[in-house]
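Chains as they are written, first to last, in this note's numbering: chain W, 1 to 292; chain U, 1 to 257; chain S, 1 to 269.
Hints may be right or wrong, so weigh each one.
Chain S residues, not near chain W, derived (Cβ > 12 Å throughout) [said to hold, decoys possible]: (1) ASP7; (2) ARG47; (3) LEU127; (4) GLY166; (5) LEU182; (6) HIS194; (7) GLN239; (8) LEU240; (9) ARG246; (10) GLN264.
Quick list of in silico lysine-lysine cross-link-like pairs, PhoX-like style, CA-CA up to 25 Å [as the list claims (entries may be wrong)]: (11) LYS185(U) - LYS164(U); (12) LYS250(S) - LYS254(W); (13) LYS123(W) - LYS60(W); (14) LYS164(U) - LYS74(S); (15) LYS250(S) - LYS185(U); (16) LYS254(W) - LYS245(S).
Label-pair distances were calculated between CB atoms; the ranges are [what the hints assert, rightly or not]: (17) THR154(U) - LEU127(S): 37 to 47 Å; (18) ALA209(U) - ASP94(S): 48 to 58 Å; (19) PRO118(W) - LYS185(U): 57 to 67 Å; (20) THR190(W) - ALA209(U): 52 to 62 Å; (21) LYS219(S) - LYS123(W): 48 to 58 Å; (22) THR280(W) - LEU127(S): 35 to 45 Å; (23) SER71(S) - ALA209(U): 52 to 62 Å; (24) ALA209(U) - GLY31(W): 28 to 38 Å; (25) THR190(W) - PRO72(U): 28 to 38 Å.
Keep in mind that the hints were calculated from the coordinates and are not lab data. Nothing here was measured: the structure is a model prediction, and the numbers come from that model. Just so it is clear, CB atoms sit at the ideal spot from N, CA and C, and this is done for glycine as well.
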Amino acid sequence: MAIVNLHNVTYKYPLTETPALQNVNLRVKEGEFVAIIGRNGAGKSTLCYTLAGFVPHFFKGELTGSVEVAGMDASKSHLHEWVLNVGLVFQNPFNQISGAKYTVFEEIAFGLENIGVPRDEMKVRVEEAMRLTGISDLADRSPYSLSGGQQQRVALTSILVMQPKVLVLDEPTSQLDPIGAREVFGVIRTMAEQGMTVVLAEHKVEWIARFADRVVALHEGKIILDGTPREVLTSDLLLDKGFGISRYTSAARKARELGLWRQEQLPVTLEEAAEGFALTPNASPKRRCESK
Amino acid sequence: MSLNRSFFVPIDSPLHRLNPLTKLTFVFAMIISAFLSVPDMAPALAVLVLLTGFIGKVQRQYRTVLLKLILPAILFMFVMQSVFLPGGETILIQVGRFDVARENVRAAFLTVSRVFVMVSSFAILLLTTHPSKLMADLTRRGLPPQLAYVIISTLQILPQMQAKAQTILSAQRSRGLDTESTFLKRVRAIVPLVGPLVFGSLVEVEERAIAIEARGFTSPRAKTFLYEVPDTRADRLIRWTLVIFTLLSLAARIWLS
Amino acid sequence: MRIEIKDLHFTYPSGVQALRGISLTIESGEQVAIIGQNGAGKTTLARHLNGLLQPTSGEVRIGYWDTRRYSTAKLAARVGYVFQNPDEQLFSRDVHMEVAFGPKNLGYPKERVEALVSEALEMTDLLQKRETNPYDLSPTWRKMVAIASVIAMDTPIVIFDEPTTGQDAATIERIANVIRVLRERGKTILTITHDMDFCAENFERVIVMSQGQVLLDGKANDVLGQEEILATTYVEPPQLTRLGKRLGFKETVRNEEEFLTALQKRWRI
């Protein structure tokens, strides 16, 4: 069953000429992990905001087409109903800290206070969420005293504690060092494995290739590709449009010209690349594929 | 970089245990009385505020605020008022072309005392009050959550702004901006320093609005609170005493002037 | 211009020992990447090079200048520093004015300022946007403005603090191109980065920092191949380096060209 259903969505921010999204059609099944790739300015953030209800409710502007997420309809539901079902985490961890709380524990409880969760239940849920994201030891620290990676995990926990059906993440690791990024990806992966529907906008192709069930490529507000990571991330179209691709894919593409890559499909992960490059150039690629 | 970038000092003291509204009442009682009372009680109130700092066991942190923030400001005010205010008959000393009159020094002393009371009582409120509890208590009493949020987050964010200003200063100095030599150069340096600070804040405000909205801030459901903030009989007693005290000082002003 | 760092120690007022005995020489015209986990001291080190921070002990020399004797505003003529967040420095009405701010501060004559600004705008693909207000540009382009505003100062040394953070592939390529042009002009370049592929493809020398000390310092290939040591400061070798190791290549490869050469050698010999 589709938990996200965007049909012919076109959206223009107020005071702008060109639409940020054009005729976007996107269906996401419950429990699916979908990654969105695209250059800066391609509309990734706008798509995330649309899924999370901030477009059009917060940003205003003109929206046509239909947006249905978790049984809500953008034209009928209020933003405060929306946020109960869809969680949003974005780039800058610092700006996602409420600024009204003294400790991490309080910070995470903030959302539950707002939606009127009773005190006893609140404490249980906060503790559980912190355990899930591995930040229990930060409970009494000030959110401002943390590293970027820790802050981003606090932001993510603050959303997870609200138990959204759909988790939308807009480049949640772009400001983090490799360790911070790995920590955050680890949590996202756990959530996806537990059956949460995840939509992730991200540049780091290597991670997408490893984790996502499906990849959607966005270019100038339009979806130009939609398929499995291997289908999308090895497409020639990405090269033409200036998308970032993994070094494994581009090296294999060059190697293919030299006759050193014999598989039909190009690789997107280290494992796929290692396997493909280990084949002797004389081995028949066909048979290899069948035996897989 | 300090580990805890907030004013609040997380210890236990009689002052910490008071209800936030009680401390807020204290702040306003002190300010109103300091500014309006006749005869002028500001110097006496200043001593009283200092003493509360000891009750709250935050004298050490208060001293830092005093030395870094309050003293420079009031010293400046004191000098400006006593030197540059015209009039006054009993000349104490001469500073260049300016006469320093006894009357002006006295007036300056009173003004400075008032400002001292105002800033110090606020500082002690912040040093001894858990920000979340302050917000919870005020919201529970009917203050619109938006307003409570603005007040608390502003206080929390001030130290962050300071850190940010420092980074901007570094970035501009790296571009050859001279902020150290002449006075004129310092004045010229203001735009490159303030511009990014203001713009950065605008971006931050929008993102923060999205972030708190995403956490149900405008939900119409009745809010709940993580902490129970006790309001004891002692709290109510202190509050009424402060209200009566303020009314008396107002009454004194009306009758005596 | 040569950078000489001798037994540099730095302790923050809070008591945190950020640098614990760094000695380095960077020759004129070298391109150096500094990598290592957050908190390793990379930015603290870079901020010593233009006097934003002063050594607790030890010394830093830029050319023959001891950084303790010159203000940052003076050192700005020798060391350009691109900060991580462009929003912490942009303030002008239009891109042109913003880029001219640095060279003007350095007191260059008007014609030279104009020439440098045009050149910097061209290098960063900003010529079309010279009259735009920086804040009407996307964050990606604001980053390019910040870069242009520093390279227009025409300093012999340029420092980039995490230039590729949050940027897409096209922008990263644009930044790599700026670095290539600067290299051709003989500039000394120091870049702090978390992006290992960017590091491998654009820098000849790599310095790995950990806990305020230099862990490794050498030719990119020698450094990036040391998977175990890198792991101790939470750095993973670049994609193709890892692939090369996995395939059992004897030599360390760090870019596509080296990878393909090694692959050819493997099958043809």
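Hints, one by one, checked against the model:
1. ASP7: Consistent with the label, ASP7(S) stays out of reach of chain W, its closest Cβ about 27 Å off (over 12 Å).
2. ARG47: holds, 18 Å
3. LEU127: Non-interface label on LEU127(S) holds, nearest chain W Cβ at 19 Å vs cutoff 12 Å.
4. GLY166: Check fails; 4 Å does not lie beyond 12 Å.
5. LEU182: holds, 23 Å
6. HIS194: violated, 5 Å
7. GLN239: Not fine: 4 Å to the nearest Cβ puts GLN239(S) too close to chain W.
8. LEU240: violated, 5 Å
9. ARG246: violated, 4 Å
10. GLN264: violated, 7 Å
11. LYS185(U) - LYS164(U): Given that 25 Å is the threshold and the Cα spacing comes to 21 Å, the pair holds.
12. LYS250(S) - LYS254(W): Given pair LYS250(S), LYS254(W) holds - Cα atoms ~21 Å apart, limit 25 Å.
13. LYS123(W) - LYS60(W): violated, 36 Å
14. LYS164(U) - LYS74(S): holds, 23 Å
15. LYS250(S) - LYS185(U): Measuring from Cα to Cα gives roughly 60 Å; hence the hint is violated.
16. LYS254(W) - LYS245(S): holds, 19 Å
17. THR154(U) - LEU127(S): 37 to 47 Å: Because 42 Å falls inside the window, the suggested range holds.
18. ALA209(U) - ASP94(S): 48 to 58 Å: Taking Cβ atoms as reference, ALA209(U) and ASP94(S) lie about 29 Å apart, which means the hint is violated.
19. PRO118(W) - LYS185(U): 57 to 67 Å: holds, 60 Å
20. THR190(W) - ALA209(U): 52 to 62 Å: violated, 29 Å
21. LYS219(S) - LYS123(W): 48 to 58 Å: Given about 55 Å between the Cβ atoms, the range holds.
22. THR280(W) - LEU127(S): 35 to 45 Å: Violated, since THR280(W) and LEU127(S) (Cβ atoms, about 51 Å apart) do not stay within the stated range.
23. SER71(S) - ALA209(U): 52 to 62 Å: At roughly 40 Å between Cβ atoms, ALA209(U) and SER71(S) fall outside 52 to 62 Å, so the hint is violated.
24. ALA209(U) - GLY31(W): 28 to 38 Å: Cβ of ALA209(U) to Cβ of GLY31(W): about 31 Å, so the range 28 to 38 Å holds.
25. THR190(W) - PRO72(U): 28 to 38 Å: violated, 51 Å
Hint compliance for this structure: hints 4, 6, 7, 8, 9, 10, 13, 15, 18, 20, 22, 23, 25 are broken, all remaining hints hold.
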